[in-house]
Each structure stands twice: as structure tokens, then as C-alpha cells.
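Peer 1: Single-letter residue listing:
2 protein chains.
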Amino acid sequence: MKKLREFLDPPKVLVLGFLTIILIGTFLLTLPYATINGDGLSFLNALFTATSAACVNGLVVVDTGSTFSTFGILVILSLIQIGGLGFMTFATFFAVLLGKRISLKERLVLRESMNSSSIEGIVKLSKRIIFFTVLIEIIGAIILSFRFAADIPTGKAIFFGIFHSISNFNNAGFDLTGEFKSLTHYVDDSIMTLTVCALITLGGIGFIVLNELYEYRITRRVSLHTKVVLATSFVLTFGGTILILLLEFGNPKTLQTLSHDGKLLAALFQSVAPRSAGSSTLNMADLTQSSLFLIMFLMFIGASPGSAGGGIKTTTFATLLGAVWSQIKGKEDVVFFRQCIPFNTIYKALTVTVSGLFLAVVLTMLLTITENNQDFLMILFEAVSASSNVGLSMGLTPDLSPIGRILVIIAMFAGRVGPLTIAYAIATKQEANTFRYPKGKMMIG
Amino acid sequence: MKKLREFLDPPKVLVLGFLTIILIGTFLLTLPYATINGDGLSFLNALFTATSAACVNGLVVVDTGSTFSTFGILVILSLIQIGGLGFMTFATFFAVLLGKRISLKERLVLRESMNSSSIEGIVKLSKRIIFFTVLIEIIGAIILSFRFAADIPTGKAIFFGIFHSISNFNNAGFDLTGEFKSLTHYVDDSIMTLTVCALITLGGIGFIVLNELYEYRITRRVSLHTKVVLATSFVLTFGGTILILLLEFGNPKTLQTLSHDGKLLAALFQSVAPRSAGSSTLNMADLTQSSLFLIMFLMFIGASPGSAGGGIKTTTFATLLGAVWSQIKGKEDVVFFRQCIPFNTIYKALTVTVSGLFLAVVLTMLLTITENNQDFLMILFEAVSASSNVGLSMGLTPDLSPIGRILVIIAMFAGRVGPLTIAYAIATKQEANTFRYPKGKMMIG
Ligand SMILES: [K+]
Ligand SMILES: [K+]
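Here the protein sequences come in this chain order: A and B.
Here our numbering is used: position 389 in the first sequence is 389, and no number is missing along the way.
Here our numbering is used: position 235 in the second sequence is 235, and no number is missing along the way.
It is worth saying that the hints were derived from the structure and are not from the lab.
Zero decoy hints are in this set.
Identical copies carry no separate label here, and so any pair may be met within one copy or between two of them.
Straight-line C-alpha distance at most 20 Å; calculated SDA-like pairs for lysine to any residue: (1) K227 / Y214; (2) K329 / F343; (3) K124 / I218; (4) K253 / L243; (5) K329 / A414; (6) K156 / I139; (7) K253 / N373; (8) K253 / I369; (9) K331 / F343; (10) K12 / K329; (11) K329 / V417; (12) K181 / G65.
All figures in this text were calculated on a predicted structure; none of them were measured in a lab.
Just chain A, with the same shape it has in the complex (with noise of 0.2 Å):
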């Protein structure tokens, strides 16, 4: 019994059930018929592939559309789906049902909105995770249909709205237009902005959130956790829009071109994007360097948790922010939405922040070496899309050396299996010592 539920530990059903998926994908897209071309992909690239879909990255070596045969696709929209699906139920159940240590706190999250935290809690969470995704995603997917279905062929039309629908919802960032140049055709088109806009942002806001706007007409109240997230997500989208708008205004390369409509579009869809899909409408390699700069803090911030999105996450974003101010202020207590976060919550945000940081360092230092003769701002930008699990890329992907192929599939599996480890790390193995050591004096700063 205990050999068993030491194999059921949750962080290691989530390494393993990643690098199943993985290796199942990856030896699924080098048959030859994966590929158009009829050769299956190099063991590498298919490994990167089912990598970064699995992982619902987006960053890619090979462009989607022109490459793969339609049995390519299905490949990768599954791999996307199962990784998506499995990641968000994953990051709920650490958030919310597991843990020995904090799940008497932040489990009653979980209670204000399942009514239960038992076995069937955990099989009717499953069941609600699934019911919004399968909701949310045919929605998408009709109305990209028809959009699409003014461009295409009809049956082209829906098999695109189907996968552009799943790949945003999933912040997973694939996209089947081709060239690399995901929805730059559909820059000013409003429809198309707006919609895919919507599913990232419904996807990266995270399980809890949603639920919690479901069932606000019968609870008629919401949690300190989604005021956060609402309001940072919020400061965060629309703070994004207006700086990528002032940036970009004069660029000739990006929104000069395009009416004022056009314009708030693109500037939407490249605050949205970064947080953390890895879409875009404009090519990045065009934006200025501020813009480039204000994607990779965005990228590094991310989604919310409990999503499928990458990043620190919005709530820790914010406990750092409360956590400075009311230092600065000389408060004793970090206060939103008056309620106070207990110095457990504001620990972790420090820890979540210190890794993403060390891991998006870590990486751009090792790419410096393997990519040297590319531009630092390329490989900064590839780093933190990469370790973010966001997608975007100024174009370095396809022209990565095999170490930095190698080098990057590490980020992406650590940015995504990590944060969850060391949230289950945190969770579960803090026990109070028996024995303590005197506390030490030290300055700081």
C-alpha cells in the first residue's frame, strides 16, 4: 500500500506522465507519414515538437502548417490538449485538494466552491475542469470557423477553427497558418483578435477564477484569490495595451500602417499574447526593443494559477508588489481587499520568483555560449518565452544548434513540471522541527 501511493506521488505522476506523453509524441512524429513530405520528422525536432506541445509551449523548429500531414496535426493538437487538460487539472489539485500542510487553509478555496474537498471532490473538479474547456473550446472554435471559413476552403475552415481554437484555450501557441508568421494575416481583424484574445485569456485565468464566476449567481460573493487575479490580470492587459501602443505608434514596421482600430487590435494582442500563449499578429522581430523588453516582463509574470499559462504567475506578481509597499509604508501586514497574507503566502512567491528567475538566467547564460554569434536580445527574448512556457520567439527557434534544441526542450519541461514540483515540495514536506537554531542578526541591503 505505501509502495503504491509512494508510486502515485503526485510530482512524480506528473514527471512521468509528462515525459510519456513526450516520448509517445516524439516517436509519433518522426513516421513518415507525420510529415508532408513523407520522411517523419529527425528525432530532435520531433522531440522539441512533442515537447513544446505537450508542455503547451509554442516555441517551434519546423513550422506547423507547411510541415505536418494532417495525422501531424492530430498528433500535436492531442499532445496539446492532454498536456493542457492534464496540467490545469494537475495545478488545481497541488493548489487546491493536496497538501498535507497548507490544504487546511487553501483548501477551503476549493470548499467556497466545490461544497467538498474528498475523493468525489477531486472527481468532480476533474469532471467541471473538463466541462469548461470542452464549453469554452467549441465556442472558440465555431466562431473562429466561421472567420476562417472566409479565407478557406470550408472543411479547411473548421479543421483550422478547431485547432486555433484548442491551441489558445491551452496557451499553447501552434498555429497552422505557416512560414512561421502565426496570425500576423489577421492583425487589424477584430473577430479574430478579440476571440483568440478571449480564449487565452479564459484559459490563463485559471480553473478556481472560472468556477467562481459560474456559480457567482448562486453565491453571489468571490474569494480574496480571484479579486487578485481579476485585478492584476485587468492592470496587466490593459496597462500592456496602452504601453505597446504608445511604443509601436511610429514604428513603420508594426501599427503606423494600420487605422486606429487596427492599431488598439494589435497593441490588445500583444499584451494579451505574451501571458501567456505565444500567438502573435505582428511579427516580434519588428517591435522596438522597449516592446520587446515590456513581452519579456509580461511573459515572465504569465498566467494565472491553476491554468494551463506559464509564469510567476499574477498572484505572486502581486504579493511581491504588496509585499514592497507595505514595507516601504512601514506595515506590518500585506493588505488586499482586506484581507491580510499570512508570510506562508508571501514565502512562496518569493521562491516561485527567485526560480523562474534563476531558471530564465540559467538558460539565456547557456545559450550566450552555444548560440554566440546571435544577438543577446534574441536569446533573452527565447529564454524567458522558453522557460515562461509562452511561444513567442524573435524568430531563433529554427536556427537553434542541436545543444540549444537540447538546452531549450530542458526549459521547457522544467518551466513546466517545476513550479508545480517545488509548490508539492513546499506543500507537503514542511514539518515544524523539534529542535531549532537561535535565530542570527544580519543586515541587509
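Let chain A serve as the given structure and place chain B with the ligands on it in line with the hints.
Peer 2: Frame of chain A, contents of chain B with the ligands only:
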């Protein structure tokens, strides 16, 4: 009485003190006889130079050695000495003597070494700091004068020896060698390298540590603070040396052409100087992107508390790593040398780091706008260097636009007085609230 106390509020004294010496310095450097050409500096360049000198930063828009008259150089040297000594004293006071709330705990660090914590303590402390400063600067000046005398006339050599000893002990990074070349002429010179590295290290390690080591023969013990500073500095210095050695070994523009000893000396210098003196024996722009990224990392960490150096400080970095490590291992406490680090200290480390990141990120963002045709790596390097009080540059400083110069001036000032002002706010303003909000639950990561 209360008005006088308010007027002497330490952050105000710090900010007004620095502003005053910067403005006096600016005035003196605009005088015709401050420069060799008899024109004096323009107001903006004088303000830049005076700010850089008083804040012991080291970024320069005009080459010090070939622009200024002896009078101008003496003005700069005075600004460095007043700024460096003043800040070191303030930083030690802030961390040790002042602060109602932390004083009970942290004052002990001082009491251990000074056996006092009252007004006499302050006087004794100031005397002791001046004693260390003068002693080390004289020894440094003598060694450097002898070294310079091998190349240049004796009188000039003594002047050079005094200037470079004061500049490097105060982590100011100004030099008189001409053409923005810093100490590149001495790249494989062991006397120059080792003397300057020793000056930088002793100036950056902080007064508390110097004093404890000085009194070790009597006390036979060192505090936790000193242990952590020494351990972290050791790891960063030699880790940095090894990494730079590896990264530059085959670079024909830097280490490749040097002898074995020369390689070691150059790697050591480029590892020590970013924390945070800002001298260099290699042209920064010639280094590999990997080394430059590593140097940015070292610049951001910087020196130790209670010194004239900048950055988030060694103890802050150690605390962050310790906090993450203990979280991942599921330990409740952060333990260094069998002493547990209080939550308050971890919280301060978080605040200092996030504030430091904020300053560097905002400056980078603004400089990408004002210097939009410059290379991103150069801009990022400049921003980290300016805000961490380092003074290393890939060569951007003299090419900065007027607005860019103003931004860097503000960042140098903020990077100097900001951290201490924040530290003071943390130390004094915190009050136990009689009313506290209830604890809220939130998911992180
Ligand atoms: K993504
Ligand atoms: K400096």
C-alpha cells in the same frame, strides 16, 4: 526640538547631503579652470560627473584623465572621498545604530564589536571608520605609487597612486589613464591587479566585517553577519573568476593572447571589479556575451552592507538562496552556520531585491526609448551598472542622449540613496497595528 529632530531625520540628511555635495561639485566642475581646455564642463556633463563621483558610481561622459585640470581632478577626488566615506558611515549607522524597531536586535551586532550603542558609540564608530579608510588608502597609495613610478614621472606617479587608491577603496571606479581605458594597460600586471582587487574588496566588504576581523585577535569570534559576508564574497569572487576564465579563454580580443598568469589576473580583476568598483583591465565591449551577462549578474549582487559599494548586497543574495533552498527542501527555517534567519530579514531581502530589479528594469525600459538605435545588450549593461552603482560600461555612456544622461543621473542618485532610505523606512516606521485584517487565502505559482 521636534522640528530639529524632523529636520535631522536621517533619510533627509542623506538625500540633502548628497544633493548639496553634488550641486557644489557641479558648480566647481563648470568653472573654466576645472578642465584642461579652460572651458569648464557643460552643466549637464558637470552634473553627470559630480553625481557619478559623489555616488561613487564611476560612469563617465567625458574621459577623466584627459579632460580635467589638476583642480578638476581634486574636485572629483574630494567628491569620491566625501561621498564614499559619508555613505559608508550612513550605511553602517542605518544598519546598526538607527531604527527603533530593529535596533534592539541589530544593534547587538555593533555592540559585539564596539561595546557601545549610544552617542559615544556613534563618535567611536565614525572615528573607527575614518581610521580604517585612511589606513587602507595610504597603504594602497604607496604600493600603487611605486608601481606607477615605473612608467611615469615620480610626481605624477604619486598623484596617480593616491587617486586610484581612493577611487578603488571607495568603489568609485574613476581613473586617470585616459581615453576611457581604465586600467587596461595593466591587464597582466600582478602588482596592479592584486593591489586594486584588495582595495576594492576591503572597501566593499563593509565596516562591520573589517572591524570584526581587526578585533578578532581580542574577541576570538566573528558574528553570523561576517561569516555570511565572507562566505558569499569568497564564492562569488572565485566562482566569477573561474567562469570568466572559461568563457574568455579562447577569445582573441581578451584572454587568449595573455600568459597563464595574465589570464588568471584578468579573470580575477573582471570578477572583483563588478562588485562594485567599476574599474576594468579589459575593454568590456570585447568580452563575450556570456561574460557580459555574468558580469551583469555580479553587478546586481554587488558589495556587502555598510560599505560604499552598491548592488543588492551579498547577505541579501545569500538570504534569497537560503530561503528558496529551505522552501524546496521543505524546511521551516533558513539556517546559516547553525543560526536561523528571522522572517524579518527574509522579508527585507525580498524588498531590497524587488526594488533593485524595479530600478534596473525601469531604467532599461526608458533607455531603450531614448537610445533607440543602440544595441540592447549595451543598454541593459549600462542600466544595471548605473542603478547598482558599478560604473562599468560597454561604451554607451559618452554617446548617451541628453535625456539619457538625465535618466542615468537620476538612476545613479536613486541607486545610491534609495536603498538606505527604504531600509530606514523599514527600520523606523513599522508599528504593530492594533487593528489587523483577517488572513486571506490565495494560490501562488
Ligand atoms: K504557451
Ligand atoms: K562604482
